[in-house]
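*Asks:* Per the working numbering, residue 346 is the first one in the sequence shown, and the count goes up by one each step.
No lab work stands behind these hints: they were computed from the structure. C-beta atoms are modelled at their ideal positions from N, C-alpha and C, and glycine is treated no differently. Be aware that a few hints might be false.
[Unchecked claim] With a cut-off of at most 20 Å between alpha-carbon atoms, the simulated SDA-like pairs for lysine to any residue come out as follows:
hint, residue 1, residue 2
1, Lys363, Ile536
2, Lys584, Gly630
3, Lys584, Ala372
4, Lys584, Glu428
5, Lys695, Val718
6, Lys363, Pro426
7, Lys363, Asp393
8, Lys363, Leu390
[Claimed, not checked] Ranges of calculated distance between the beta carbons of each label pair, as one might list FRET restraints:
hint, residue 1, residue 2, range
9, Ile500, Arg637, 33 to 41 Å
10, Asp559, Thr763, 51 to 59 Å
11, Val749, Asp559, 50 to 58 Å
12, Thr765, Ala633, 23 to 31 Å
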Amino acid sequence: MLTLLLLAQSASLTSFPKDLQLYPRDAAGFGAVEVAGSVDSPGYLSADLYVYRDDVLWHSESQPLTYSGGSAPFAMTVSIPAELAEYDFALYAFDGASSDPLDAAQDVVAGDVYLVQGQSNAVAADWAAEDLGNSSQREWIRSYGTASTTGSSVINDTDWGLAEGERSNQHCTIGQWGLRMAQLLVDKGQIPVCVLNGAVSGTPITYHLRNDADPMNVNTNYGRLLYRAAQAGVQGAAKAILWYQGESDGDRYEAYSINFADLYADWLSDYSAVEKVYVFQIHNGCGAPSQRLRELQRRFDDLYPRVDVLSTTEAPEHDGCHYRYSGYRELGDRAALVLGRDFYASPVTKNIDAPNIDYAYYSTPQQDEITLVFRDPDDTLIWEPGAEARFTLRPVGSVLGGVVSGNSIVLDLGGPATATSISYDYPAGEAAGIVNGRGIGALTFYRARIQ
Numbered sequence: 346m347l348t349l350l351l352l353a354q355s356a357s358l359t360s361f362p363k364d365l366q367l368y369p370r371d372a373a374g375f376g377a378v379e380v381a382g383s384v385d386s387p388g389y390l391s392a393d394l395y396v397y398r399d400d401v402l403w404h405s406e407s408q409p410l411t412y413s414g415g416s417a418p419f420a421m422t423v424s425i426p427a428e429l430a431e432y433d434f435a436l437y438a439f440d441g442a443s444s445d446p447l448d449a450a451q452d453v454v455a456g457d458v459y460l461v462q463g464q465s466n467a468v469a470a471d472w473a474a475e476d477l478g479n480s481s482q483r484e485w486i487r488s489y490g491t492a493s494t495t496g497s498s499v500i501n502d503t504d505w506g507l508a509e510g511e512r513s514n515q516h517c518t519i520g521q522w523g524l525r526m527a528q529l530l531v532d533k534g535q536i537p538v539c540v541l542n543g544a545v546s547g548t549p550i551t552y553h554l555r556n557d558a559d560p561m562n563v564n565t566n567y568g569r570l571l572y573r574a575a576q577a578g579v580q581g582a583a584k585a586i587l588w589y590q591g592e593s594d595g596d597r598y599e600a601y602s603i604n605f606a607d608l609y610a611d612w613l614s615d616y617s618a619v620e621k622v623y624v625f626q627i628h629n630g631c632g633a634p635s636q637r638l639r640e641l642q643r644r645f646d647d648l649y650p651r652v653d654v655l656s657t658t659e660a661p662e663h664d665g666c667h668y669r670y671s672g673y674r675e676l677g678d679r680a681a682l683v684l685g686r687d688f689y690a691s692p693v694t695k696n697i698d699a700p701n702i703d704y705a706y707y708s709t710p711q712q713d714e715i716t717l718v719f720r721d722p723d724d725t726l727i728w729e730p731g732a733e734a735r736f737t738l739r740p741v742g743s744v745l746g747g748v749v750s751g752n753s754i755v756l757d758l759g760g761p762a763t764a765t766s767i768s769y770d771y772p773a774g775e776a777a778g779i780v781n782g783r784g785i786g787a788l789t790f791y792r793a794r795i796q
């Protein structure tokens with residue numbers, strides 16, 4: 346660690362790293378650290394920069410100073426690799442005989458950036474007071490500023506820090522599943538990760554919309570996260586947005602459809618590097634989110650080219666509204682699996698997406714069974730005993746049981762049926778259902794037409 350007595354009056358810095366800052370890596374795997382400003386005291390010959398990798402001198406450079414109007418400008422850029430190593434920066438002004446320290450920063454890294462938004466299950470704090478969420482804390486998982494809902498607090502918090510998972514809407518809080526996800530990405534990619542979380546509990550989707558006249562307005566939820574990303578220098582580098590929201594929108598699925606379309610377009614406009622948007626299909630429970638709204642979220646995968654839909658069914662210890670640590674841990678695991686495939690060339694590609702129905706049809710002439718065909722042909726499907734209770738036939742009919750056949754499930758109706766549509770729902774809490782080979786629950790669906 347570097348310890349310097351800084352002579353701030355000797356220089357004006359326009360660009361210099363902060364302690365614990367993460368610089369986004371480029372396509373070549375490097376983060377560009379800019380050091381720029383001017384020496385404002387006379388008599389100095391050069392600005393000297395020393396960079397230490399894990400406390401060992403790794404790079405140094407000296408830039409001659411030329412004064413004009415009492416000030417001598419300088420600018421240097423150092424590219425640090427995205428790796429599990431920390432870099433310290435020390436800047437000096439040299440007068441020909443001795444060097445005076447101008448500024449220093451410690452534990453700087455390069456890596457990847459992700460954003461989390463939504464309501465309380467995106468906040469994902471330690472609602473059950475288990476003190477387990479921070480078991481995923483690592484020195485390689487960073488965040489910036491505060492997730493406070495107060496604009497002035499967001500403006501005033503300009504510090505980087507180690508990401509924290511248990512508290513809500515405070516300095517560098519990213520939630521329990523966000524922290525678990527980041528830990529797995531670090532382990533998988535051997536690259537540091539930054540997560541910014543802007544979620545706020547109990548909020549409908551309208552709370553998250555952009556003020557088009559002032560997108561970075563810190564009195565809005567959208568503006569606060571955008572402001573933080575800009576101040577952190579990562580606005581144009583976030584690879585993906587993870588969205589868990591909708592409980593507070595109840596049955597307002599038509600308005601939700603319009604609002605999400607606006608939000609999605611604004612995200613892609615303001616966060617130019619975003620390649621994927623991961624939408625958690627919300628869990629049944631508090632807020633009474635309707636089957637229609639959850640069906641709409643399931644269909645986002647078809648409606649928006651950059652959206653993947655993740656399931657929440659079968660995540661353990663759902664209390665009817667939130668999850669205990671084991672549930673949030675599972676959600677973090679599910680997110681890390683698809684991110685690993687999409688951004689880290691993970692060889693694990695089977696059974697990582699939630700089972701998602703493709704179509705349903707009567708598979709006997711007498712119409713006494715329905716076959717559900719799922720989208721991933723190579724996934725392993727598992728029918729849990731009691732899963733028949735999850736199905737509803739319209740206008741009449743019932744499901745007595747089911748068996749797996751490849752990427753399909755054949756439902757036993759107990760006799761000829763005339764139903765024209767079928768729904769699969771999952772209750773608040775935990776219940777038997779359909780899972781894949783990794784235990785990831787199927788997406789719920791509403792009134793799928795029976796062919």
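*Asks:* Indicate, hint by hint, whether the structure satisfies it.
*Replies:* Verification of the supplied hints:
Note on Lys363 and Ile536: the hinted pairing holds, with a Cα-Cα distance of about 19 Å set against a maximum of 20 Å. Straight-line distance between C-alpha atoms of Lys584 and Gly630 comes to about 31 Å, which puts the hinted pair past the 20 Å bound. Proposed proximity of Lys584 and Ala372 is supported: the alpha carbons are some 12 Å apart, at most 20 Å. Distance restraint check for Lys584 and Glu428: the Cα-Cα separation of roughly 17 Å lies within the 20 Å cut-off, and the hinted pair is therefore satisfied.
Note on Lys695 and Val718: the hinted pairing holds, with a Cα-Cα distance of about 17 Å set against a maximum of 20 Å. About 17 Å separates the Cα atoms of Lys363 and Pro426, which keeps this hinted pair within 20 Å; it holds. Of the pairs offered as hints, the one joining Lys363 and Asp393 holds, with about 18 Å between alpha carbons and a cut-off of 20 Å not exceeded. This hinted pair does not check out: Lys363 and Leu390 have alpha carbons roughly 25 Å apart, beyond 20 Å.
For the hinted restraint 33 to 41 Å between Ile500 and Arg637, the CB-CB distance of approximately 40 Å keeps it satisfied. At roughly 56 Å, the beta-carbon separation of Asp559 and Thr763 lies within the given 51 to 59 Å, and the hint holds. A C-beta distance of roughly 53 Å is found between Val749 and Asp559, which places it inside the suggested range of 50 to 58 Å. Judged by the Cβ atoms, the range 23 to 31 Å given for Thr765 and Ala633 holds: they are separated by roughly 26 Å.
Checked against the numbered hints given earlier, the structure breaks hints 2 and 8 and satisfies all the rest.
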